[in-house]
Amino acid sequence: MIITNNNTVYEKYKNDYNINFINGGFKDVLITTRDKIHEGYELLTHPLSSSIKPNETPYKSIIISDNKGNINYNSLIIIENSIIAYDKFNNMKVYNNYSEKIIEDFKLIDLTVLESALNT
Amino acid sequence: MKLELGYVFIKDIQFAEVSKVENGTLYVSKEEVRKIILEDQNFISAEVELAKPGESIRIMPVKDVIEPRVKVDGPGGIFPGMVNKVETVGSGKTNVLKGAAVVTTGKIVGFQEGIIDMTGTGSEYTPFSKLNNLVLVCEPKEGLKQHEHEKALRFAGYKVALYLGELARSLTPDETETFETLSVTEGIKAYPELPRVAYVLMLQSQGLMHDTYVYGVDAKQSLTTMLYPTEIMDGAIVSGNCVSACDKNTTYHHLNNPVVHDLFAEHGKTLNFVGVIITNENVYLADKERSSNWSAKLAEFLGLDGVLISQEGFGNPDTDLIMNCKKIETKGIKTVIITDEYAGRDGSSQSLADADASADAVVTGGNANQVIELPALDKVIGYSKVADIIAGGFDGSLHADGSITAELQVITGATNEMGFNKLSAR
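Note that the protein sequences, when read in sequence, are chains A and B.
In terms of this note's numbering, the first sequence has 107 at position 107, counting the first letter as 1, and numbering is strictly consecutive.
Just add 1000 to wherever you are in the second sequence, counting from 1, and you've got this note's numbering.
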């Protein structure tokens, strides 16, 4: 299952994968992922994929398992650490008045980083 | 495997009719260089500029920095599998234009990366301010896709660096240095008392503008493997990583890897430098598990006593770093990890996104969130208006007078995680 707030990812893969589209920000994707992990889903990609900082890009796509089991503590530790890292960056002021071109570039980078996982 | 590096010291760079090296000056034909860049029809124009130490010049946004080298003896050529044939390199003789570099700049995507200041506060944070730089500003054709633009710019850098390196082919180096790695059995016989130490070099491998290539192979598609350290000096590893300027490893960093250099300096004295284990930093968590399993397995297989581990980039590589550290320590092998920190602007936040008690020996390249002031400089090469939307910049970063307030992460190489830094703290 892909959890994403990137509509480029949604449009490209909606027919191929189970997608949980989040109409929200980076943090909302992290929180939804955390909640799913609490339900027993396993984290499959790292939530802080890409070196673009979480206070720069508004977009994030994360893959979790399609099936749930017992709670996976490794998944839990990684998502909690990622939320801490997100909050740390979000407390620091950044530029956020992006042009449409830059928004599209952030979506593209998120897509290619996700695809680097889908294709392995 | 044995390699002799011949250093031709470059103290100045100038434009001239004919490219040549004479009395420590690198003369460059602007026209020849432009011709090489424009061989690629993805570019419609190319500017070539000089930036020397101490000049009031800001270069931005920087994509890669490359040292000109030429293979003068032995198999293969520099950048095997990329520009030259995929021959195993790392033996024979290689000449280096030491003190010179090719710097590529460009706006591949809208948000930007990387400043090199040749003077002032910023220059103290980047090693590239001390080099005689040939800066390439390449204008892509309309509609060129980001993937193709990134690749074209990367290859323009390699080709120009090889063109300059070729000027050193028949020169007598000012200084030479020899590096040799014995086979495993020879090494044990030669240094029976010395601890066996290897270097785990982690390579960024996550997609567009986050990639590294080994003999032309995208590192994300490779299992963890081994290299002789001298292969790296001949360009076996090149950078396609344009993101996170302060802690990305440029091609220059790979060619001059300071961990390799310092391990060689102690080789046969305090330790036996066995070799380099290269491993990737993929997005998929199962890939991280597999790659770190292999790092630990190879470390055990080589009978190591100690390992140095360097990472590249921000965030999820912290997880690879800790996995490598933990699994290698579990084999009874001591580790030292090299990283940088995102500890908040006041330095009080958690530095890494992952941690483990076994990571008890850490070298840091500095806090990338630290805020610095960069003065206005007389000339900007590249694109000056991107300072607000540069990684580590923020709304209002670029002031009306041209000065910049931003985090240290805007500066190329500032917190390099190989430890290729100029500043230290006591």
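Think of the hints as simulated: they come from the structure by calculation, not from any bench.
The structure presented is a predicted model; accordingly, all values stated were derived computationally and were not measured.
Please note that a few of the clues may not be correct.
[Said to hold, decoys possible] With a cut-off of at most 20 Å between alpha-carbon atoms, the simulated EDC-like pairs for lysine to aspartate or glutamate come out as follows: (1) B:1107 / A:100; (2) B:1145 / A:80; (3) A:101 / B:1040; (4) B:1145 / B:1040.
[What the hints assert, rightly or not] Derived coverage of chain A by chain B (criterion: at least 3 residues anywhere in the stretch with Cβ under 8 Å from a Cβ of chain B; other residues may be distant): (5) 18-30; (6) 43-52; (7) 104-117.
No residue lacks a Cβ here, since even glycine has one placed at the ideal position from N, Cα and C.
Original post:
Honestly, which of those hints from before does the structure not fit?
Top reply: 2, 3, 5
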